[in-house]
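Q: The residues making up each chain are set out below.
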Amino acid sequence: MLNVKSVHTYYGNIHALKGVSLHVRAGEIVSLIGANGAGKTTLVQSICGFNRPRKGAIEFRGEDLSGRGAEQIVQQGIALVPEGRQIFATLSVENNLEMGGFIHRRRPDRIHRDMDRLFERFPILGQRRRQLAGTLSGGEQQMLAISRALMSRPQLLILDEPSMGLAPLVIRDIFRIIGELRQEGRTILLIEQNARAALRIADRGYVMETGKVVLQGEGSMLLRHRQVQRAYLGKGSKEIWEA
Amino acid sequence: MDSAWLQYVFAGLTTGSIYALVAIGYNIIYNVTEIINFAQGEFVMLGGLLAVFFMEGCRLPLPLAFAAAVLAVGAIGLAMERFVIRQARNASVLSLIIITIAFSILLKGSAMFGWGKDPYRLEPFTAGGPLLFGGAALQPQALWVLGLTAVVVVLLSLFFRRSIYGKAMLACADNPNAARMVGVPVRTMVLLSFLLSAAIGAAAGVAITPISLMEYDRGALLGLKGFGAAVLGGLGQFSGALVAGLLLGLAEAFCAGYLSSGYKDAIALVLLLLALFFKPEGLFGSSEAAKLKRF
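Those protein sequences? They're chains A and B, same order as listed.
Take the first sequence: its position 168, counting from 1, is numbered 168 in the working numbering, and each next residue is one higher.
Take the second sequence: its position 136, counting from 1, is numbered 1136 in the working numbering, and each next residue is one higher.
Hints may be right or wrong, so weigh each one.
[Stated by the list, open to error] Derived CB-CB ranges, DEER-like:
#1 A:Gln76 / B:Glu1123: 41 to 47 angstroms
#2 B:Leu1155 / A:Glu63: 36 to 42 angstroms
#3 A:Arg107 / B:Asp1265: 21 to 27 angstroms
[To be verified] List time: in silico SDA-like cross-link candidates among lysine to any residue, alpha-carbon distance up to 25 angstroms:
#4 A:Lys18 / A:Ser92
#5 B:Lys1279 / A:Ala89
#6 B:Lys1108 / B:Asp1265
#7 B:Lys1279 / A:Ser92
#8 B:Lys1279 / A:Gly134
#9 B:Lys1279 / A:Gln131
#10 A:Lys55 / B:Asn1177
#11 B:Lys1108 / B:Tyr1120
#12 A:Lys5 / A:Ala57
#13 A:Lys5 / A:Gly219
#14 B:Lys1108 / B:Leu1195
#15 B:Lys1279 / A:Thr135
#16 B:Lys1117 / B:Glu1056
The hints are simulated quantities; they were obtained by calculation from the structure and are not laboratory data.
Glycine residues also receive a C-beta, built at the ideal position from the N, C-alpha and C atoms.
Pulled out of the complex, with its shape left as it was, chain A reads as follows (with noise of 0.2 angstroms):
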């Protein structure tokens, strides 16, 4: 579904996408781990059109995304879920919501029923519908920006550091709707630090380091993989300290 070929981006001056490939089958729920600056990012805005590539092609069901601005990867069905959720914070729930749904504009019945079946499935959303986005919880927040992004009725789902800044408990209830959208067979690409939670709910995941894809796998294979459980989920070697 999502082909991205060996792309080389550029952030500012820094090569910061030292051709990265990596794909995404139709129904596949995939995890990119990697520590900061490893580039995960920087991958996002370039198959969101917010940094176009140098090299390298990327395409999206056969069709080449190069050249399009982010107002337009929307309507191709790729919807993002932002780093720092970047709701519209001044702007109600229900606008928040509404926006999320303006490439079906002219179906505002559409936009309504999406609306409304999304305030069924997160009640605590339907009940803060007229609240500005900006004053609901980190939580709520995470919640609001997943349900924006689902209002374009996307082929594909990115999420982008969907547990930053967020408490334990509040990461899982997450990690529980992600788990939901994959039931629904929905198509999700998932970029996260939190290695060990994204790597299990994945079929299949990839790993960054320093602007390249060094490791990838089915996901409870890398989650076995003495690198991975080295240097993302802190087991296997010792310290020096500890010898």
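Given the coordinates of chain A, work out where chain B should sit on it, guided by the hints.
A: Chain B only, in chain A's frame:
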């Protein structure tokens, strides 16, 4: 019976409406870009002078001259966004605000070259003498000004509250990146906001010229007072801008009538300062929303 106060009320409401329309112009652009467009007053000036040009110079009938002036100034607003603001797209909001000041000086200078320094007048929209109410006179043109203001306020409030395009404009101001993410064409929305507020400013200019005349350097003071009204009413709030504009007009008229007309222009600044000191979110702004905004 002393009917002077009623006369002041009429005068205050009329100029107050113009302040309100200028304040609304500020609010539209602010709502989409968080920019305070200090060329807003110049749009009013140009509206008035261009209407004079289209009527006297091109011999157009009034409705056509009105429309032509509004369209021409709207086009200037578009050009301002497209060729000035957008060229500096990576600048901070503050630098963009300073650019609008430069642009206002440019417009003022051009108007001086085009029309000279003399004030121009325009025939009232409808003929006929003043209407008398309890000893006070009300110009029919004042009714036109009030009516225009009411229509603009109602339509804009509906637009931003009900229409998905209006909400999309608000979303652009809140978070332009997120707006692009959901498919809102941010640049088009910004362009639209400049067009809209230039057109509204121009309409205000055409409507007020038969009452107060118009000359090349009227824009700065109108812009300043309109800004005072916008802040007093809460930046971004249309009904707030209306009430604050009318309040400002009334305060000025009463000051001119009972104290001295020399202090008239200071009133707006005093109110602006008081608002900034004691209620920076404005009379009608929500402090909750103010906390969530960057400016």
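Q: Now look at each hint and say whether the structure bears it out.
A: These are the hints, each one checked on the structure:
no., hint, result
1, A:Gln76 / B:Glu1123: 41 to 47 angstroms, "violated (56 angstroms)"
2, B:Leu1155 / A:Glu63: 36 to 42 angstroms, "holds (41 angstroms)"
3, A:Arg107 / B:Asp1265: 21 to 27 angstroms, "violated (52 angstroms)"
4, A:Lys18 / A:Ser92, "violated (41 angstroms)"
5, B:Lys1279 / A:Ala89, "holds (22 angstroms)"
6, B:Lys1108 / B:Asp1265, "holds (20 angstroms)"
7, B:Lys1279 / A:Ser92, "holds (23 angstroms)"
8, B:Lys1279 / A:Gly134, "holds (21 angstroms)"
9, B:Lys1279 / A:Gln131, "holds (23 angstroms)"
10, A:Lys55 / B:Asn1177, "holds (24 angstroms)"
11, B:Lys1108 / B:Tyr1120, "holds (15 angstroms)"
12, A:Lys5 / A:Ala57, "holds (5 angstroms)"
13, A:Lys5 / A:Gly219, "holds (21 angstroms)"
14, B:Lys1108 / B:Leu1195, "holds (19 angstroms)"
15, B:Lys1279 / A:Thr135, "holds (21 angstroms)"
16, B:Lys1117 / B:Glu1056, "holds (17 angstroms)"
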